[in-house]
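> With chain A's structure known, arrange chain B on it following the hints.
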Amino acid sequence: MPLTIGISETAARKAREFAQKGSHEEFGLRVGVKGGGCSGLTYTLSIDAESRPEDKVIEENGIKLFIDKKSYVFLAGTILEYSDGLNGKGFVFNNPNAKTVCGCGTSFSV
Amino acid sequence: MMPPATAASLREAQLSAGAAFHPGEGGLPLPAHFGDAAREYRAARQAAALLDRSAFGRLRITGADALDLLNRLSTNKLVDVQPGRGAATVLTTNKGRVIDLLIVANLGEELLVITGPGSQARVAEWIDTYTFGEDIAVEDATHSHAMLSVTGPHAAALLGDAASGLDPFDFAELELEGRRASVIRTDTLGIDGFDVVTPAEHAAAVWLALADRGAVPIGALAAETLRVEQGVPGCGRELSEDYNPLEAGLLPFISFDKGCYIGQEVVVRLNTYRKVQKRLMGVALDGEKPDADARLTADDRDVGFITSVVDSPALGRPLALAYVRTSHAEPGLTVQAHSGDRVVGGVTVELPVAAPSA
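Protein sequences, first through last, are from chains A and B.
Taken in order, the first sequence gives residues 2 to 111; the numbers are from this note's numbering.
Taken in order, the second sequence gives residues 12 to 369; the numbers are from this note's numbering.
Next comes chain A alone, as it looks inside the complex (with noise of 0.2 angstroms):
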């Protein structure tokens, strides 16, 4: 399993038109966790301008994503892919840490 978390490149292309839309010109993508959820923790997606200090950074795609350090724990070997379409569920993180995922998707345990 590699530790690092990564971004597909549509995820990457959607990113960039969601902050564009906030028109952000320096930005990254907050990924993480948090509690809650029917499983116990539930993804966590945002925009931020910058880093915080305690931050891992990583670059994919042209896309800086920003995870805290407990977040990182149960995210890591994680890709950021984008599903398209009607049915689409847009952003979706497959988490080979997730030992239970409940009903609709939205929330995992470890």
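Treat the hints with care, since some could be wrong.
Distance ranges between label pairs, derived from CB positions [to be verified]:
1) A:58 to B:178: 46 to 52 angstroms
2) B:336 to A:93: 55 to 61 angstroms
3) A:51 to B:304: 41 to 47 angstroms
In silico DSSO-like links for lysine-lysine, alpha-carbon gap of 30 angstroms or less [unchecked claim]:
4) A:71 to B:106
5) B:300 to A:35
6) B:300 to A:100
Just so you know, the hints here were simulated from the structure itself, not pulled from any lab data.
All C-beta atoms, glycine included, are put in the ideal place defined by N, C-alpha and C.
Showing chain B alone in chain A's frame:
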């Protein structure tokens, strides 16, 4: 016997009033009785009793995200709990099993969370596990504060105006002998009950003031008798990761429309598809008390097991709390409790049982 007007410590005040101590749940020495458990029981049923509930954990939680995080971790809807109000909620695992029953009171500047006896560290650790960057700080106030409960039909009147208007789990500030205390209506024994939380250094004075107003000191034995008669699940007995909140009768503390929380999917499915396997009931017993974990059979088939047992003054015979299979959980079922080699007959009853006539 009336306690002396001053006492250096809560324990000293209780000893002077005739307390016999035993190691309570959570490891604190607590009064088992004050010489006459039957009289203590009557005080709680008919007047006002004073019970030391300090063994139950207390956490002070501050931070802008505190209510939102607890809302995501437990069964009840907490995000709307305004200052001065509170709620009971169940902390559940992702399999929908009970970790603890919590009372969350919004004191304005902070939340006061009452946990089960001795489970405050576990609850604090659980909250910490699920804290990612939220603005929240958890402080264990179990030993820095005492919790004295005034319980019974006269409890509200004894505490005065501040307490008498409180709905369940609401909070008020109270002044007793010049000392401020927080009062939360918790009804923990299934009858009117108010927990008075006060800094440990004021505990003896507050205890004496409450006794002076007429609250009769009672010990854990009388409280346990009431708890079983009222069908209130107890931490470590009826409440543990062996059970889900629906089996334990905690339905009033579950919100089905608040959205996701840990364990929600399982709890909702159990409820929607009526998959709850067993539920808490009373068993009125004919002989000597069986063991507190006796197996129950009906027509030689396993139908459940006992979790707590007391001598019930209301029934005039032993009464058990038991988990009974849903298929058999109707009052009037003849059962046998298997306690070692002994078999004790009994019949299932709905709880709470009617109070004994005065």
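> Check the hint pairing residue 71 (chain A) with residue 106 (chain B) against an upper bound of 30 angstroms on the C-alpha distance.
holds, 23 angstroms
> Should the hint that residue 51 (chain A) and residue 304 (chain B) are 41 to 47 angstroms apart at their CB atoms be regarded as holding?
About 59 angstroms separates the Cβ atoms of residue 51 (chain A) and residue 304 (chain B), which means 41 to 47 angstroms is violated.
> Within a Cα-Cα threshold of 30 angstroms, do residue 300 (chain B) and residue 100 (chain A) meet the stated pairing?
violated, 45 angstroms
> Can you let me know if the beta-carbon spacing of residue 336 (chain B) and residue 93 (chain A) is within 55 to 61 angstroms?
Violated, at about 42 angstroms.
> If you check the beta carbons of residue 58 (chain A) and residue 178 (chain B), does the distance land in 46 to 52 angstroms?
holds, 50 angstroms
> Checking one constraint from the list: CA of residue 300 (chain B) to CA of residue 35 (chain A), max 30 angstroms. Satisfied?
Not satisfied, since the Cα-Cα distance of roughly 48 angstroms exceeds 30 angstroms.
In summary, the structure is inconsistent with hints 2, 3, 5 and 6 from the numbered list given earlier, while agreeing with the others.
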